[in-house]
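Fit chain B to the supplied structure of chain A, relying on the hints for placement.
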Amino acid sequence: MPEHASVWLVLIAVLAPVTAGVATIWLPKSAVALRVAVALCGPVTAFFCILASLSVGGLDRTPNGEVGWLPSLNINLAFLTDGLGAFFGLLVSGIGAMIVLYARGYFGKEGPTSKEDLARFYPLLGFFMTAMVGLVLADYTLLTLLFWEMTSISSFFLIGWDRYNKHAVKLGMQAFFTTGLGGLGLLGGILLFGDTTGVWRWSTMLEGAGSIDWNSSGVLWAFVLMFIGAAAKSAQWPAHYWLPGAMAAPTPVSAFLHSATMVKAGVFLTGRLMPAFMEVDQWAGVIVPFGAVTMLIGGVLALNQHDLKRIFAYTTVSQLGLLMTMYGLAGYTYKGPPTIDYDITQIANHAFYKAPLFIAAGAIGHVASRQLPELFGAFHKHKAICITMLLAGYALAAGPGTISFPAKELFLYAVYHAAEEAPWLWLVMAMTVATAMCNVAIFVRLLTTLMGWRFGMKAEPHGHDNHDDHHHEHHHEHGVMAAMIWLPGLLIVSLQYLGGLIPPLWDVLFLPFETNANYFSIDKGVPSIWYAITHPSLPLGMSFLAMGGGVLLGISKLARHEHKDIHDKIYPLAYFLSVTGGGKVFRLVQTGNLKHYMLFILGFFLLMFGWAALPDDAMRQMVALTPGSGYGIGILLGAITCFTALAIPFTKARIIRVVFLGATGFSVVGIYIVYQAPDLALTQLMFEIISVILFVIVLRLLPKEKIVKQALVGKVGRVAIAASVGLAFGWMTLTAASSDPEFRVGETLAQHSYGNYEYNAAGEKVQLQPTALDTTRGGGGDNIVNVILVDFRALDTYGEIAVLGLAAIGVWSMLPRRKRGRPDLNPGPHRTLVSEGPNANPHIAEGGAA
Amino acid sequence: MSSMLLRTAMRLLFPLTLLFGVYMTINGHNEPGGGFIGGLILATALALYRMAAGPGSLWDIIPVHPRVLVTLGLGFATLTALGPMLLGLPVLTSWTGDVPLLFGETVHLATALVFDLGVVFVVIGVSVGMITRLSEECEDLDDPTHPPEDGTDLSQASGKEGAA
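If you read the protein sequences in the order shown, they are chains A and B. At the far end of the first sequence sits residue 850, using our numbering, and the numbering has no gaps. At the far end of the second sequence sits residue 164, using our numbering, and the numbering has no gaps.
For reference, chain A alone in the conformation it holds in the complex (with noise of 0.2 Å):
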């Protein structure tokens, strides 16, 4: 197979998934087993193709192959299936195939509504999966980028799934303005860097780290929004409030998008920018602050939940801040290379224990209550479920015997190796092991409460009436489907213990993905518990310590109450406050009163006309005018002009203004006439009249006019502001008219007006050289006026008579006919021309007298 065969391999993968949930709406509704398994196809083959091409192509960071699409723009569809991103492209896809199953378990076969939501639900899940699955494989940073706006418009879909829901529709746009606003920022930081560098490829960025000035500004400030852009999507405090939030969402989209894939794309640009981007000294000052923030304040808002999903969606929030300050680690280093080890087996082990968490939690919600306290001795009842969470919970407090407790280690390890460069990370590890001891004390309150132990949560009497969660009636399945609900979740976190209990399998499956080994040898493996219990060290002992106090806190009477997180009110604040804010600003502009309108648009003309004239030497000369012969008539059309113009703010009714301005008009029309412009003057003529008839008929609809005694200033002013843009539009003529005859083009249109000829002094046409305006196209007509109209500038025309019927359109519907119906359609009492007499309709002859 050709090398560059794996880019079309990888498109597939990318395309796999939202074609085969479209092809499920057109299947019919009843076919259930059917959608299931064509769904099914796309992440199954996303998974394969992905596999396929690592075979072909292996795992490296030099791309095979592209296919042109925007190259101009820098976006071509190339793929980078390098360790990070192989491993994210089979982590959605296989995940992807797993909540395939267990929406189908989740949504039931017989529920009144499973059925729509199951042919709704897959359509959506497929286009996420290939927006995600695009977003780690793209090549080209902006297409990158482009995936990663469509992961965000996926999710507000899924998110505002019950969209009779307002809260959930509100919650969704919450999360989407969130990602969104993040998604400008790494908008321009893909953009900053490309202008800065001239890199517009990720692997370009890789391959060529070693020419590129990581210090300079612009490098550093593309960084700085990329990281809000990673930062908001990865749910990183102070933005962390929209993912709990999400859980609105149904649950297999919680476990899908908001554990394990959506939220770690962050944490996947973090590491896509690590290895090159580390060298910014600014890395680790920017990304820890956060990750650690992030970390400690998800782990304590997530023992003050009591719903399982919020609880475990601050976990989420919790471990994602983690892996961001995993890789903001990578700043520092230790005995030589960056301090940073086996980031694929922490985002993996993250995935394992929170997907499987996310889908107990669901399928416990779905049998019995997601309240914790409710659930006190619910193992009894439903095994099966309860088994599951526990395991992944275990996971969870990062228990020996799982992959997460030599994950956490590595942590540890990364931290204190980095305090050796910069101790204020020995706060870092403080909060790390207090946030340890959090997640122990969740699981630690999950077991006690769901075996029904002592110290466990026990519900209230009263009092948890109002909760969203999922109550409705359940209608139990038998067989293998109702076993969907939680056999996926079973399946994930098995490899949980396969990576904590046999450690060389899991480094057979995932260390060819690891490209960061740096203490702890690639040939040697993830070190297992062995390793940490034969080598003790401080990080053995904190995690000890974290053990210990998490059963301690797990038992104590400490943070057993609901507590809301304050950061839940920075979304609704900042709408309300863009809501109002844009709400008085129009009320400011928008203030209905022509007057004003015009003021503002006059007065903004005045100052940029300034702002253009002042400067230019050709503006501030006067004109010399040369009279020639017969302008006194001009000049008397001028007065006249003016005078009716300036009698009209002076005078008090309107049909008097109307009559002045019609007299304006009408002089205008003479000084065309006088200087021999006939098209103006026909047009002016025919424009006064129309403009006369429309005002009359108006005048008549008006209400009855008050005459208000407006303030003397305000009218002068008013005239002042009116004849400066006269005279600022007169100047402009004049020195247009009077400017260098090298830049007038009247004479070249003249020339081009029928075609290139001219007429010379016996009348004749003559073919002129063709000049730099123009070849020998000519408009084919004599009259310079209208071919201009129609030919040279008939793009301006067509805007013109496009604006004219909007402005029809607007009388139309503003004044609908209410009565009549179409408008002269009512063949009613009218008359012909033919039928004459005075009597003929005494209606319209009253309505004549009127």
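Check before you lean on any hint, since a few could be wrong.
Said to hold, decoys possible - Heads up, incomplete: computed chain B residues facing chain A, CB under 10 Å, no partners named:
| id | residue |
| --- | --- |
| 1 | 32 |
| 2 | 34 |
| 3 | 66 |
| 4 | 113 |
| 5 | 123 |
| 6 | 126 |
| 7 | 134 |
Said to hold, decoys possible - Beta-carbon label-pair distances, calculated as ranges:
| id | chain 1 | residue 1 | chain 2 | residue 2 | range |
| --- | --- | --- | --- | --- | --- |
| 8 | A | 584 | B | 90 | 45 to 51 Å |
| 9 | B | 68 | A | 70 | 37 to 43 Å |
| 10 | B | 31 | A | 615 | 24 to 30 Å |
| 11 | B | 90 | A | 737 | 28 to 34 Å |
| 12 | A | 170 | B | 68 | 40 to 46 Å |
| 13 | A | 642 | B | 103 | 51 to 57 Å |
Treat the hints as calculated values from the structure; they're not laboratory data. Nothing here was measured: the structure is a model prediction, and the numbers come from that model. Glycine included, each C-beta is placed from N, C-alpha and C at the ideal position.
Only chain B this time, still in chain A's reference frame:
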């Protein structure tokens, strides 16, 4: 607004004005005139006709809603705009040439004329539409048999659909 004088004058003026408008439009490419002026002249003629002959009379001449004219005009203009693109030419490129007529005569034409016709239709549609619509409002005010504007008269509104 009807008077015998106007009505009588219009019988003579109306055809002449229409003719003038059409002449202005067609001849506009070489002499003073053009689509915009032609359209305005035609619209003025129609508006005057309506004044003379009363409400509803325009329907006898143009039995379509003015918005149809506007659509038609914009359609013509769009056609001349996009047509050249199919031939690989820039938007709105005009073709000029001599079109043979009978008896060996030729007439010089430009496809910009089609664009001009579009302008004519839009101008007529907009002006006549606005004037008609606003005049109807006035006539409703003057109509003593008509109930005040409260939108309660639904019986006639239903007739709207039938008329369509």
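Ascending list of hint numbers which this structure does not respect:
The structure breaks only hint 10.
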